[in-house]
Every structure is written in structure tokens, then in C-alpha cells.
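A.B. asks: Order-wise, the sequence lines are chains G and A.
Numbers 1 to 252, taken from this note's numbering, label the letters of the first sequence in order.
Numbers 1 to 252, taken from this note's numbering, label the letters of the second sequence in order.
Worth flagging that the hints you see were computed from the coordinates, not collected in a lab.
Where chains are identical, the list cannot tell them apart; a pair therefore holds if satisfied intra-copy or between any two copies.
The list that follows gives simulated cross-link-like pairs (lysine to aspartate or glutamate, DMTMM-like), each with its CA atoms no further than 25 Å apart:
#  : residue 1 : residue 2
1  : Lys78     : Glu140
2  : Lys192    : Glu167
3  : Lys87     : Glu114
4  : Lys23     : Asp220
5  : Lys78     : Glu114
6  : Lys78     : Asp53
7  : Lys87     : Glu140
8  : Lys87     : Asp48
9  : Lys78     : Glu153
10 : Lys87     : Asp53
11 : Lys236    : Asp21
12 : Lys78     : Glu43
13 : Lys23     : Glu193
Please read these numbers as outputs of a predicted model, since none were measured by experiment.
2 protein chains.
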Amino acid sequence: MRSQKDSFSFTPIAFLSSVFDHKFGTPRQGGLAPNSRASLTLERRWRDKGMLDSLQGFSHVWLVSVFHQNRNLNFPSKIHPPRLEGKTVGVLASRSPHRPNPVGLTLAKIERVEGDTLWVSGVDLVEGTPILDIKPYLAEADRPAEYSSGWAERAAETQVPCAFAPEADAQVDELVRAGKITERDRFVNLAKEVLALDPRPLSYRARVDETFAVVLDGVDVHARYAAGAFTVVAVKPFSAGDNKAANSIQEK
Amino acid sequence: MRSQKDSFSFTPIAFLSSVFDHKFGTPRQGGLAPNSRASLTLERRWRDKGMLDSLQGFSHVWLVSVFHQNRNLNFPSKIHPPRLEGKTVGVLASRSPHRPNPVGLTLAKIERVEGDTLWVSGVDLVEGTPILDIKPYLAEADRPAEYSSGWAERAAETQVPCAFAPEADAQVDELVRAGKITERDRFVNLAKEVLALDPRPLSYRARVDETFAVVLDGVDVHARYAAGAFTVVAVKPFSAGDNKAANSIQEK
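Assemble the whole structure, with the sequences as input and the hints as a guide.
C.D. replies: Listed below in C-alpha cells is the structure:
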């Protein structure tokens, strides 16, 4: 009965549409990028049953998801959280996506519920993420009166300053006119939120002055790091073959 | 790719040992029964790797579990939360265990971490629950500054007063002497917490003066409801064939 051969199989109830087209650039925690947006519509067999009824009125939901982009089945039992700069913690004392069962847990802010569709913000999930469950945020169950967050408390996330170069700003205007960017302020703020968290893998951080790109809502945001800050140097519609630096990071 | 035939398979990393021997009596949310205790040890293949290292220091963990006792694969798309007395909500706007993917999410208080074993309290999970994942509670990700809990906010859980009859109190003393109850106060408080939430199914609530039992940590707690309060009338070691009323509820 208790053998580890027992396994449980789950079928996604929805797949997320997210501003994060690629894993690279997706924040480690969605709350750090409040301008991120995502939506989901229940899969056909769960529609027209009122399964999301009364979710209106809740401010937040838990999205239980699958880290489906983890193709590597081997993962370390201990990880180096970026902000601990070298110190290791057990993988189950972290929120790393590389864990025994690649199940994700994200608190998302509800923007709107309409029939079988849910719009949320503040997500850390990439386009196409399989959603296994949606649960309302229940303060009485989910909000301890007193708490401590261990190693994560002592090591706050760094925030890297970020500015748009005038050329990049002009390109944003063009994309707004062309209808490729629908909400200018939200887009600019999202780009700044994502870059502020420094999405570059540790191995990339030594490469000062090299341009890399994150893809946000179908738009390539090219940035460069120098003197402790990011500058967005170009903003253009995403094209997969376009930017070698960007692609090489995306594949990590 | 996005077909609903895609399914994901997960293998438990541990199985919970809980004071709740049976589903009946297990609180709907563990935070309401702070005297409940549980522990888990990682399955053999995950041991001796330090996977829980640095979990010390966190106050709480999320346990992602499987509602393995849901044998009925049919479930209603809308449910009647006990405290809403008749009004329905969509199953995904509730924390009902009967949902498309029977995945549970429980915030538990960490009592102690020792190697590959974790002791927690405030759980709402039954003995033997398969645990798929353990994640540290990260305030920055899991604690919204502002929030509302929709229908659950407007309808607080009722708390039914509960007292031990003198005979039951004497039986507790006996079980303490016999080593069947290790911590007297914790046991009595847990029994009161569980009964305060009124574990009886709605269909049972009309049966005043009928004795029923909850099984806590291998001990049968027999109680009776009358005049708006529970009285614990007997406390004895659990024996499966013993109490018809208790068993008939347990099978619901």
C-alpha cells in the first residue's frame, strides 16, 4: 500500500495564457511582478458547470501547477538560492521548480472571473503551464498570525535599477501604435519588474555590457547590464531566430 | 499538446502519520485544530540527501497532498459549504476535497525537523495521507498585503461548546496511566477543537441525543449533542467493531 510505486495521475483542468512566453525572465515569485497578467479557461469537459462560481469576492487564488518545462529528471537535493550567494539549502526548504514532484504553488491576484475564465495578475508562471487545481485564498487557513520565513527572511531579493533608453522608449510607442502592446504603462512596468529581479543565470552575470533579451507578451525586450543597473536598449516584436544572446539564455 | 489526455503522474515523497485515524472528525482546515499533530519521514529513495535542510527557521510549511480517501470519482461541480446552510458555490471556489484533481493544500506549523523527519501541528489530514510536496511558507510570495476571502469571510465557522462528563474525564486519566494517551492536556484540547467544529454530517445533525464517536490518536471519543453543546460521555481505546454509531458515520 505504502510502496513508492504507488503513483497518482492528474489531468490539467486548464492551461495558462501568460505574458511570460519563455521560462527565462519569468520571476521566481509572481508577487514580485504585480504587472504580470495571465488567464485561463477551464478545459472543455469542466465547462458550463459553474465550477468557478462564487470565486468573485475572493481577492486571490492558489494555482497548483506543473513545472512542465523541467525536462531534466535529475535534480540536486540541495540548491543554491540565487540570493544566498553560495550557501545551500535542501530542495524541500526552497521553492525551486526542480523538486521530487514538479508541482508549483502560486498565489495569484484575481482580476476578473467570467464563466469558465479566470484573469489573474502577479503570476510567476510561463505560457502554457498546466493547471491542476484552483483554490480560493482562505485567510483563516492560509494566513498564520505569526510566522517566520527562515533563510528567505534574512536574504531579501535584490532589486536592480532599470531604465529605458530613448530609442527603446520610441520603439515602445511604435509597438503601441501597431497594436502589439495594448497597455503601455503596464508593459513598461512589467519589463522593469522582471529586470529588477535580475533574471540572468549566475553564469551570465560576469558578462557586463552584453545584450540579452526577455520575451514579454510576444515582445523582445533587449537589455544590457552596466554599473549596477539595467538599460533597455531595444524593444521589438519577438522573433525566435532573431537574437542569439537571448536564445542562448532561454535554453538554459 | 494541450489535449486533456495529457496527464502527469506523481509519486508520494512521504506518507503522513496523523492523530486523525479516520476521515470523520478530521477538521476541514487544520489551523482550527492547533493541537493536532502529525509527522512524516521521507520515503527511502529521498533519504540521507539533506532535502529538508534549512527548513528549520521557517515557522510553517505547505503540504501538497492527495485526498486518497475519495473513492467516488463523481463529484458535484457545485457544493454546499456546511457554514452556508444551503447556498452553493463552485467547487473551485471552495476547498472541498471532492474536486477535479484531488490535490490538498495544507498550511502546517513546523514543530521540529530532524534529518528526514518533519513534525508539524495544525493539520487537517488523515493518517496515511500521501504527501507529494513540502514547500516552505514564504511570506513574500504567500502573504498578500490586502485580501478578501469572499463567501468564507461572511460566514464564520460556528464553534459548538464542548465539555467532558466526569466519567469521561476519569477514563482519560486511566488511559494516561495506561500510556495510551501521552499528553493529557493536548488530547483533551484536541478533542474539544474537533468537536467545536461539529464534525457531524448535515444528515446527522437532527439526531439529538444519539452518541457518535471520533477516533483521535487511536482513542475513541464518544460524544452526544444536546441543547447546543457537545458532551464527551466516554473515552476508550479504539476498536473497529465497537461502536455502531461511530462506524456508520466514519463510512460516509
